[in-house]
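Visitor: Read in order, the letters of the sequence shown are residues 673 to 916 in the numbering used here.
FYI, nobody ran anything at the bench for these hints, they're computed from the structure.
The reader is advised that the hints may include incorrect statements.
To be verified - What follows is a set of in silico ranges between Cβ atoms, one per label pair, in the way DEER data are often shown:
1) 740 to 805: 31 to 37 Å
2) 716 to 755: 26 to 32 Å
3) 740 to 674: 41 to 47 Å
4) 805 to 687: 27 to 33 Å
5) 798 to 722: 14 to 20 Å
6) 785 to 883: 30 to 36 Å
Here a beta-carbon is modelled for each residue, glycine too, at the ideal position from N, C-alpha and C.
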Amino acid sequence: MTISIRSTGTYTSGTANLTPAIPAGATSGDMMICAYGTKPYNDAPTINNSWTSLGSATDGTVAAGVDVGSMQTRIFYKEHTGTESNPTVTNSTNNVSGAVIIVFQKTEAGWAAIVGAGGGDNTAGTGFSVTASANPGITAGDMLVAYAAIRSDAGTQSAIGLTATGATIAAFTESPAADLATTSGGDMAMSGGYAACTAGTATAAPVYASTLAAAHTGSAYITRLREVVVSFAFNNTLPLTGAG
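Let the sequences and hints guide you as you build the complete structure.
Guide: Here you go:
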């Protein structure tokens with residue numbers, strides 16, 4: 673079983689509702705992940721078109737401002753039906769937000785329940801590190817999708833990596849390759865992508881780490897994707913033949 677990247681959209685940002693684009697190539701059965709970063713930290717965004725909110729994380733309760741304010745990172749998801757329109761994320765207290773849709777394909781019959789966890793780093797520095805609030809049960813074959821939202825457009829990231837005690841996680845692929853950096857509203861940056869768990873089983877919550885171009889704070893959320901493996905039982909009993 674193998675989960676692989678199908679396609680990645682482009683970042684959209686602004687100070688009002690956002691409509692991120694589903695990237696070209698997405699097709700029925702694919703899993704679509706919408707990563708969304710925003711301040712204020714306590715905004716309660718909603719999404720249409722039958723997408724589901726998986727969860728969110730913040731790095732504190734600091735009010736929104738230019739290059740300050742605690743960041744919320746939130747994940748929405750939906751399995752592609754074959755006919756999709758771009759979703760709209762609606763927010764009522766938006767200072768600034770950014771979003772992107774990334775799509776994965778499977779080789780097995782279905783998707784297991786989508787799970788994830790996040791956290792924040794509220795100590796300003798160039799060494800950004802977030803330990804998720806829980807271990808989403810990472811094991812070999814899983815795909816991990818992770819995004820972080822930073823409080824300033826100066827907080828672009830490099831050297832992103834995921835680790836989890838007991839598990840071997842492959843090199844992280846930043847997707848999109850270039851960070852979002854916007855001066856709309858109170859400014860923000862956003863980056864993320866994916867990495868596969870190639871061996872082992874995590875015994876502790878995963879850690880998201882990166883290097884920031886300038887000392888800032890933010891939050892991150894890690895999502896675990898897993899395929900459902902369908903097994904078939906065969907009856908090896910041979911039928912009885914007639915006696916004559």
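Visitor: Take the hints in turn and mark each one as holding or not.
Guide: We went through each hint and held it up to the structure:
A hinted range of 31 to 37 Å for the beta carbons of residue 740 and residue 805 is inconsistent with their spacing of about 24 Å. Checked against the given bound of 26 to 32 Å, the beta carbons of residue 716 and residue 755, roughly 29 Å apart, stay inside it. Here the CB-CB span from residue 740 to residue 674 is close to 43 Å, well matched to the stated 41 to 47 Å. Distance hint for residue 805 and residue 687: a CB-CB separation of about 29 Å, consistent with the stated range 27 to 33 Å.
Roughly 40 Å separates the CB atoms of residue 798 and residue 722, a value that falls outside the hinted 14 to 20 Å. Range check, residue 785 to residue 883: about 33 Å between beta-carbon atoms, so the 30 to 36 Å window is met.
When held up to the earlier numbered hints, the structure conflicts with 1 and 5 and fits the remainder.
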